[in-house]
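Protein chains in written order, with this note's numbering: chain A, 1 to 304; chain H, 1 to 382.
Calculated from the structure, these hints are not laboratory results. Among these hints, one or two may not hold up.
Unchecked claim - Listed next, with one range per pair, are the computed distances between beta-carbon atoms:
hint : chain 1 : residue 1 : chain 2 : residue 2 : range
1    : H       : Ala73     : A       : Pro94     : 12 to 20 Å
2    : H       : Ala204    : A       : Val26     : 32 to 40 Å
3    : A       : Pro248    : H       : Ser255    : 39 to 47 Å
Where a beta carbon is used, it is the ideal one built from N, C-alpha and C, also for glycine.
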Amino acid sequence: MIQHANFVTAALLGVLWALPAAAGPVVGHERVVFNTDAGDIVFAFYPEVAPQTVRQFLRLVSYEVYDHFHFHRLEPGFVLQLAAHHNRTPPLTPEQLKLIHPLNLEPSDIKHRAGVLSLARADANPDSGETSFSILLGDAPHLDGKYTVFGVVERGMDVVHELARVPTHANKEPVVRLEVKKAMVVGSREQLATVSVQPARPVPVPSHYNSSAASSPGVFPMRIEVALVVLVMIAISVGCSLLWNRLPPRVLASLVLMIVLVGGFLLLILFMPLAHSSSTFALGVFLGLLGLFRLMSSFETPPG
Amino acid sequence: VSANTLQVQSPITPSSAGRVTTAVAAKRPPKLYFVNAIVDYTVIGVASIVTFILLRSIHGPERDQVIWTTGAALLWVCNWPHFAATSYRLYHSPHNIMQYPVTALGIPWLILAAVVASIASPDLIAPCFVKILLIWSPYHFSGQTLGISLIYARRAGFKITPRERFALSAFIYGTFISQTVRSEVLPAGNDYYGIHYLGLGLPAWSIQAANIWMWVGGIAFLLFVIRWCMKNNRMLPPIVLLPAITQYVWFVHSSDQRSFQEFVPFFHSAQYLLIAWSVQLKEKMDLQGIRPSLRYVLTETGRWGGLNILIGAVIFWMVPRLMAESGMQLSFALGIVTAAIQIHHFFVDGVIWKLKNKNVASPLMVNIEDLVGSPAVQEARA
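Bound-form chain A, shown alone (with noise of 0.2 Å):
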């Protein structure tokens, strides 16, 4: 009997033992709060598992580096993401330059969720990662692993939401600018209590942009942009048609090479945004526009 007592304590202790883990990585003391137009957020970090990314980022945001950076890229149910330093206005100084280095990866089993903090790379390059990164808006199972994952919204997730529902332009980027005014670390879960941290509020969009045009980047919206540009091929075409007689053949064929490359203008209008759904996709428009390019560095070639 008091064996089996013995046993079901252990087991217990053992439980209990385990369930820290697995409620997920240690978060360690510091907080930062980043004041935006839609109130305050405050993350917390993963020292323990992306340690260089944490002190990293925590040394940048005491150098006043975050601040006056702005989300350049959002997607709702996807990513938030803060451009990189190269954008920031005003630049930063020399000093605040020296500080910032590439990171190597730090890859985790931690799952790319709403509310995770994910360290920007490039594409090619795992060890690439430096100042921009992404506030996951909903799950990216694609991401896991190959981004280093380094903190979590603690509080302000509302605030995010409404930095969120501002429309953006067809490239994803907000049709306002989403500025973090400020950045700041406080040492601990307590000593953010003496913060007064802002709730969420609307971010003041001009009423122009709260059509649904702004934010759908579908076909239809591109319906007036092709016609002018169709429009540009016709005058051209019926130009031609016209002084077909009058004209030499030179000038003609010349006059057919402008179609070409209003053509081709249209085509990288209509295929930009399908590029980024095949990289096989996008080496096509790449090698289209090089094959643009030596056609028209035959443009009104003389003859002989």
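Please arrange chain H on chain A, whose structure you already have, making use of the hints.
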């Protein structure tokens, strides 16, 4: 004025740079340099390579305020005038305009249409317009590099066969493709004067493929050069290879050196201006029957240079600000105008070096002595 009838088809763009045929060249072999070894080597590549080494060893890779300010100052005296010089060469004479009417009179309207469309559609057409510029620009750099290499090869008496030209082109354009592919692998894109454009999202393996293409071309051309040296029992002047090596430094070796990258357009413009300046002085001298003299070189250099600085300032500085006065965002206006002028430049540059004038003797083979008037030149002219 030389009475020789000439066929000048030596462009800075490469389409026919290998086919210079001049009666003068047959009489008096062209000198190797436009000015002299020091000036030509400096402008064509040594200055940019030394700058790269200095910035890497002393300054570091980042583009800080000092670099940015210096780069901005150089825009006024070199980058912008180089665009102005292209337009000046085509448009200053009705004779030139009528040789290439579609380029001179049709292309500006097409580009204007693209500007209007970009303003009307800042989210869709403007990023594509910028994208065209950003990929076409290094392609154009490569064309100039190849053209300059071919000019110096011609001057050095190195007759380039189609196979050799293919190998050289593969290397030079390979540096451009390698650089462009590296940036286009990233789908996130970047900003150009606040106009956000997306990357293409090319496959990662395309970087390796581009590098292999570049190196195979480079090694093949080097083997051709070695064969030429052995066959002719003399060394090929290094300046023939310098443009290609310089472009390799610009596009491949310094790709992570943002401080140096700020100056690459300046060095490209300086190369361009050296040759455009030589051609301008030679053409005017021949057309107007001006005697070679140092005084002529100085006065014409001042006039032509001053005019190009002025035109450059008007088109790049004033026009965007006038557009901004009408309520457009200044950075957007700067981006669109800069893109438009550069794309126009790519077209115009493709034809101006093929301009023909029966009264002008081989301007791309000119040397400073032809302009200043050394005793040997005076004797030849007599």
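Cross-check of the supplied hints:
{"no.": "1", "hint": "Ala73/H - Pro94/A: 12 to 20 Å", "verdict": "holds (18 Å)"}
{"no.": "2", "hint": "Ala204/H - Val26/A: 32 to 40 Å", "verdict": "holds (34 Å)"}
{"no.": "3", "hint": "Pro248/A - Ser255/H: 39 to 47 Å", "verdict": "holds (45 Å)"}
In summary, this structure violates none of the numbered hints.
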